[in-house]
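Novice: Full structure from sequences and hints, please.
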Amino acid sequence: NAGVTQTPKFRILKIGQSMTLQCTQDMNHNYMYWYRQDPGMGLKLIYYSVGAGITDKGEVPNGYNVSRSTTEDFPLRLELAAPSQTSVYFCASSSGQITDTQYFGPGTRLTVL
Amino acid sequence: GNSVTQMEGPVTLSEEAFLTINCTYTATGYPSLFWYVQYPGEGLQLLLKATKADDKGSNKGFEATYRKETTSFHLEKGSVQVSDSAVYFCAAAKAAGNKLTFGGGTRVLVKP
Numbered sequence: 027n028a029g030v031t032q033t034p035k036f037r038i039l040k041i042g043q044s045m046t047l048q049c050t051q052d053m054n055h056n057y058m059y060w061y062r063q064d065p066g067m068g069l070k071l072i073y074y075s076v077g078a079g080i081t082d083k084g085e086v087p088n089g090y091n092v093s094r095s096t097t098e099d100f101p102l103r104l105e106l107a108a109p110s111q112t113s114v115y116f117c118a119s120s121s122g123q124i125t126d127t128q129y130f131g132p133g134t135r136l137t138v139l
Numbered sequence: 013g014n015s016v017t018q019m020e021g022p023v024t025l026s027e028e029a030f031l032t033i034n035c036t037y038t039a040t041g042y043p044s045l046f047w048y049v050q051y052p053g054e055g056l057q058l059l060l061k062a063t064k065a066d067d068k069g070s071n072k073g074f075e076a077t078y079r080k081e082t083t084s085f086h087l088e089k090g091s092v093q094v095s096d097s098a099v100y101f102c103a104a105a106k107a108a109g110n111k112l113t114f115g116g117g118t119r120v121l122v123k124p
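First to last, the protein sequences are chains Y and U. Take this note's numbering: the final residue in the first sequence is number 139, and no numbers are missing along the way. Take this note's numbering: the final residue in the second sequence is number 124, and no numbers are missing along the way.
Treat the hints with care, as some may be off.
Unchecked claim - No more than 27 Å apart at the CA atoms, straight line, and that leaves these computed lysine-lysine pairs for DSSO-like: (1) Y:Lys35 to Y:Lys83; (2) U:Lys123 to U:Lys72; (3) Y:Lys83 to U:Lys68; (4) U:Lys106 to U:Lys68; (5) Y:Lys40 to U:Lys68; (6) Y:Lys83 to Y:Lys70; (7) Y:Lys40 to Y:Lys70; (8) U:Lys106 to U:Lys123; (9) U:Lys64 to U:Lys106; (10) Y:Lys70 to U:Lys123; (11) Y:Lys70 to Y:Lys35; (12) U:Lys80 to Y:Lys70.
By construction, these hints were calculated from the structure, which means they are not laboratory data.
Specialist: Take a look at the structure:
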């Protein structure tokens, strides 16, 4: 059981480039989330999805886009990368009940130079 | 919306010492409360949780009690080990979308 997987593990981008961070879960969870973690800080929610075809903004959505075409996959797209997007990105999934655990992927460390 | 405040680190302890990490929350209604742990180079994993007032979550020797009166969910462990060195995050779940609001994290370093 792989749980939540993310690719790539590391990436360096130049300012203005774009990329997609991949996230896949095999737990048949309806809810999926993208967070960013800045050095020494807690996690902030970028976007989330409550099911295939349904996405919504979190606290810090600017500069990002998401899509959810299947239950398993929830890619995060960065357009026109900026240094402020240098961070560690975590994907998570849950079954959606308020009492439920969120399961996190191992993270993608992104540096924008 | 929810907000979570936890004590800043780093917290440095000797092995077998007592650990407390304070966490308080503000929320409308009664959120579920969680402690997540992040070991070096890894993602977050659930340590324990409590879903209603006066519930006590426990795991791996760690405990936390959901205190509605003081809006707190302090994490405790009676005797820490070097392997407990990690960053600990307190979090509150909002019903709509089960969105988590995290505290800033507390880095704990346990020395032999």
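Novice: Compare the structure with the hints numbered earlier in the document and write down the numbers of the violated ones, lowest to highest.
Specialist: Hints 3, 5, 8 and 10 not satisfied by this model.
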